[in-house]
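**Student:** So the chains spell out like this:
Number of protein chains: 2
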Amino acid sequence: MHRTHTCGELTIKNLGQEVILSGWVQKSRDLGGTTFIDVRDRYGLTQLVVNTDDEATLRTKVKDLGREFVIKVKGIVVERSNKNPKIATGDVEIKVSDLEILNVAKLPPFMIEDETDGGEELRMKYRYLDLRRNPVRNNLILRHKMAQEIRKYLDAQGFLEVETPVLIKSTPEGARDFVVPSRMNPGEFYALPQSPQTFKQLLMVSGFDRYFQIVKCFRDEDLRADRQPEFTQIDCEMAFIEQEDILNLFEGLTRHMFKNVKDLELGDFPRMDYADAMRLYGSDKPDIRFDMQFVSLTPTLSEGEGAKDLVKGFGFPVFDNAELVVGINAKGAASYTRKQLDELTDFVKRPQIGATGLIYMRHNEDGTLKSSVDKFYDETQLKKWSEAFATTPGDLVLIMAGGTDKVRKQLNELRLEMGNRLGLRDKNKFAPLWVIDFPLLEWDEESERYHAMHHPFTSPKPEDIALLDSKPGEVRANAYDLVINGTEIGGGSIRIHDKELQSIMFKHLGFSPEEAQKQFGFLLEAFEYGAPPHGGIAFGFDRLVSIVAGLDSIRDVIAFPKNNSGRDVMIDSPSTIDEKQKKELNIETTV
Amino acid sequence: MHRTHTCGELTIKNLGQEVILSGWVQKSRDLGGTTFIDVRDRYGLTQLVVNTDDEATLRTKVKDLGREFVIKVKGIVVERSNKNPKIATGDVEIKVSDLEILNVAKLPPFMIEDETDGGEELRMKYRYLDLRRNPVRNNLILRHKMAQEIRKYLDAQGFLEVETPVLIKSTPEGARDFVVPSRMNPGEFYALPQSPQTFKQLLMVSGFDRYFQIVKCFRDEDLRADRQPEFTQIDCEMAFIEQEDILNLFEGLTRHMFKNVKDLELGDFPRMDYADAMRLYGSDKPDIRFDMQFVSLTPTLSEGEGAKDLVKGFGFPVFDNAELVVGINAKGAASYTRKQLDELTDFVKRPQIGATGLIYMRHNEDGTLKSSVDKFYDETQLKKWSEAFATTPGDLVLIMAGGTDKVRKQLNELRLEMGNRLGLRDKNKFAPLWVIDFPLLEWDEESERYHAMHHPFTSPKPEDIALLDSKPGEVRANAYDLVINGTEIGGGSIRIHDKELQSIMFKHLGFSPEEAQKQFGFLLEAFEYGAPPHGGIAFGFDRLVSIVAGLDSIRDVIAFPKNNSGRDVMIDSPSTIDEKQKKELNIETTV
Chain G
515 MHRTHTCGEL TIKNLGQEVI LSGWVQKSRD LGGTTFIDVR DRYGLTQLVV
565 NTDDEATLRT KVKDLGREFV IKVKGIVVER SNKNPKIATG DVEIKVSDLE
615 ILNVAKLPPF MIEDETDGGE ELRMKYRYLD LRRNPVRNNL ILRHKMAQEI
665 RKYLDAQGFL EVETPVLIKS TPEGARDFVV PSRMNPGEFY ALPQSPQTFK
715 QLLMVSGFDR YFQIVKCFRD EDLRADRQPE FTQIDCEMAF IEQEDILNLF
765 EGLTRHMFKN VKDLELGDFP RMDYADAMRL YGSDKPDIRF DMQFVSLTPT
815 LSEGEGAKDL VKGFGFPVFD NAELVVGINA KGAASYTRKQ LDELTDFVKR
865 PQIGATGLIY MRHNEDGTLK SSVDKFYDET QLKKWSEAFA TTPGDLVLIM
915 AGGTDKVRKQ LNELRLEMGN RLGLRDKNKF APLWVIDFPL LEWDEESERY
965 HAMHHPFTSP KPEDIALLDS KPGEVRANAY DLVINGTEIG GGSIRIHDKE
1015 LQSIMFKHLG FSPEEAQKQF GFLLEAFEYG APPHGGIAFG FDRLVSIVAG
1065 LDSIRDVIAF PKNNSGRDVM IDSPSTIDEK QKKELNIETT V
Chain Z
515 MHRTHTCGEL TIKNLGQEVI LSGWVQKSRD LGGTTFIDVR DRYGLTQLVV
565 NTDDEATLRT KVKDLGREFV IKVKGIVVER SNKNPKIATG DVEIKVSDLE
615 ILNVAKLPPF MIEDETDGGE ELRMKYRYLD LRRNPVRNNL ILRHKMAQEI
665 RKYLDAQGFL EVETPVLIKS TPEGARDFVV PSRMNPGEFY ALPQSPQTFK
715 QLLMVSGFDR YFQIVKCFRD EDLRADRQPE FTQIDCEMAF IEQEDILNLF
765 EGLTRHMFKN VKDLELGDFP RMDYADAMRL YGSDKPDIRF DMQFVSLTPT
815 LSEGEGAKDL VKGFGFPVFD NAELVVGINA KGAASYTRKQ LDELTDFVKR
865 PQIGATGLIY MRHNEDGTLK SSVDKFYDET QLKKWSEAFA TTPGDLVLIM
915 AGGTDKVRKQ LNELRLEMGN RLGLRDKNKF APLWVIDFPL LEWDEESERY
965 HAMHHPFTSP KPEDIALLDS KPGEVRANAY DLVINGTEIG GGSIRIHDKE
1015 LQSIMFKHLG FSPEEAQKQF GFLLEAFEYG APPHGGIAFG FDRLVSIVAG
1065 LDSIRDVIAF PKNNSGRDVM IDSPSTIDEK QKKELNIETT V
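Protein chains in written order, with our numbering: chain G, 515 to 1105; chain Z, 515 to 1105.
Just so you know, the hints here were simulated from the structure itself, not pulled from any lab data.
Some hints could be false.
[Unchecked claim] Selected chain G positions facing chain Z (in silico; Cβ < 10 Å):
| # | residue |
| --- | --- |
| 1 | L645 |
| 2 | V650 |
| 3 | R690 |
| 4 | W957 |
| 5 | M967 |
Treat the numbers as computed from the prediction; the structure is a model and nothing was measured.
Note that CB positions come from ideal geometry on N, CA and C, so glycine has one too.
Chain G on its own, in the form it takes in the complex (with noise of 0.2 Å):
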């Protein structure tokens, strides 16, 4: 026998019992004649006491013990003098009467502690040492209860599990495909499964009403900071469903999770429109832990050209030239120094953000307004823009202008990155928002023409249809988006399952009747067989667990990742083949 016990797991109630336990050596000190070793499993850690000057052969044993050690010991349970109330087993000590030594280990490359001295390279090359580390191994096991509440919340609401293939048919659309090339079949390709969006939909055609599975999807992407080539998405469809339902059911499915997870209760999440969204946030993704919205100091749209123009005609051409206008409140920044202002200058002037600068206007304590632009705005100006901004004093109002959208997405940048500043971020707290009515169309400039936003079966909301020859932009869909902190953690849609309309989006969408039998006919023929209405949703599981986490990265969150080549530095892969497998599967590298 290994062990009666885990390290985790004895306390005072187990005093004077013999026990066992095996695990890895944390560390060991001699104190002479005395020896404490700190014996280490998942479970927790529990300290051993060897009195070395007894046992010769326990001696001999304890001398030889390095980190990470594999040990099994036998001993007492008994009281310790020198309680450690930090961890479970902190009030008993092992009087160890028997030692046997399972495994030696080499030194590892790094420290096995909280708190590590590895860098990210050595840790990924050594991914089965740094998972030893206890808040590696808590993210997968938050990963883990997680996946086991979300099935238990899905098979009570009558969702089926269902495992859809994983070698499918490669398609021209969207993101690349992984390829398989196949043996049995030369010269032909299976492809691993972007999503399983066709499988999913093909199973309301064939009425199972409410499926799920948690699944493995591939995109073969070049890799930004945070993409893994392989994902894993929490995948859902219904029929004979609304809009409506499947918000409830999703939003009862987080609501279970951070309740069953996090012990947290999370209330009813707000519903904002994508137009509202972009409007006060800049963003279809906003971070609503902090306000902090959007206030345009031009006339929007809807108030049309005769409402109030804040800045407009006073001289200042970078205003007077924008289409756009708009700033930010942040509270209790104007002790920002010249310094910090033009660190945030900077930081909208960076490449990645693009914006030409940063207009401000501090609210001092003392009442008086002061902005960057006093050679144009007077204090009566300054005045409606502070009321515009409800500033107090101690505010600072932090301005951009240009195109709508681009001057939309700079600020949006800017928010967040006050946000960060001003501690207003708290991973801790959790901010769910859905973003409801996406546009159904957005114009591609490279193609110069609409593509569909979410996909081409995404249903138009009913009332927007006849929009769609005259202002095709302006078309809803019924399409959603979960959001938590800023970060998306999935969407979805109500697709379309009538032929009529199909065939009116696949025109909007540019595509030839031939070319839409010749990339989604398959799909096409199912439905001819009596497709019920239906929508879905799918959330990203990697993301929404490293959300949970509080963590920055979904590496974090993965047993073994790949780093931003696609490789797995651990098993050195992906790797070379044999001539003769390449052979056999009739292919050649070119390289």
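Mind docking chain Z on chain G? Use the hints.
**Tutor:** Leaving out everything else, chain Z in the frame of chain G:
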């Protein structure tokens, strides 16, 4: 709103309620003035009554309805005069006040009924329609339930579900890998995992202690009748355990699952040595739903040369020259006709089985014994056979002779065939069995060396290690299989965690230290950092579901299976890809 209830839930309790139902038209009978429509969804079937005399609008709509149209109806729940006790909703029907056609449907290519007229090929091409049929959907509901119960059990036992990567590294050992060209790493390939073996052992090195995953695995094999290129495994690994712990835990899992999805108590699972399984059933996966154990008429090795030999020295050359003469007692089959016996002889002579003939002895109802080799064996001799087989009047003894391994394999096939013919293989009966003490090594004729029977990290039984040099074929491993009804559900082993023992094993498997390093170097390195004693098991999930469902093929428990050429005929995959895509991936096809 699309529905207030499903088509499976209305009963007499709902009388008088106005309800909305949505679903597919199963059938429609026009009785002139009144039309009866059966509407179906995943949950059941409900009868609708439409009075077409009163309502002109309803009349038109009902006239248009075809099979599999998707409809939504509003109406009042009324009691049926002509009740149908076969369905849950059989006491009621809906008096329809409003009917909406949500979607039309083309006539399906086969009947959507429990017994369909669609052949295998048609059903696979239109799998989304096949999945509408109750038996097919019920298999997938069973699969869902089993997966949930498995997770529930393992979670409660402290196992963590950890997702291991799908894009891994190709290894030259074992079955053929599917590979994935890497665009970002030109000329290099990922491989899809045949199992997460390496990763789960690494998780043990990481101290995860108890790991599981229900996970897709991939094998590029020539597909035999019931294999799929992608299949699902219940994959587990534990640290600080012994074989006994694993057997108990996974016996518990299996019992839990049968209890919770079939309401069946399986009791304790019997255990059988590999050697006994081969001796008594000629198979390492005996179907013990029925006895019919092998009886040897030649002395066994352990009985030695001097033991009874009931067949040799009577002038029958087939028996005289045979290493083993062995038979089964097919109880109650003495009445088999000449024709039936000829069929059995033809059965064993089929090339797949390859026997040269079959000897029988009838124990007639009148007590006489009659054999097909009366010329050589008189009644005194046959009586000894009768004793050996413990025959009673009405029994039929079937005997085969030849080399031990070959004849056992052949007689195993005959035993299973007789089990089928005599109705002894009841699909509603479940007979689990642990087969233990597998040989560590098996001789490979082709390479003329021993191979690991399980895999090279499987540990030998400590008491057999001494035999490694002298009798390698007799060394037993800490390896085990779970068999249910003659089907291998899964297996596993206790792994080697000791470097010295691993080196000895590699030597015996014919690996030079350099070769071992090249093939397994990465795992061996990880093992140097403190690998705990560990072991694991993996169940074939598709197979397990098919057994529980009482099905012969795993294809019936997979939502979207592939055919024997690895093709998905529904989506027509694999398929060719663009030249542009190949170019990006730095590959060319050679066909």
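**Student:** For every hint, state whether the structure bears it out.
**Tutor:** Structure-based check of each hint:
1. L645: At 4 Å from the nearest chain Z Cβ, L645 (chain G) passes the 10 Å test, so the hint holds.
2. V650: At about 9 Å, which falls below the 10 Å cut-off, the nearest Cβ of chain Z leaves the hint on V650 (chain G) intact, so it holds.
3. R690: Interface hint status for R690 (chain G): holds (7 Å vs cutoff 10 Å).
4. W957: 25 Å, violated
5. M967: 25 Å, violated
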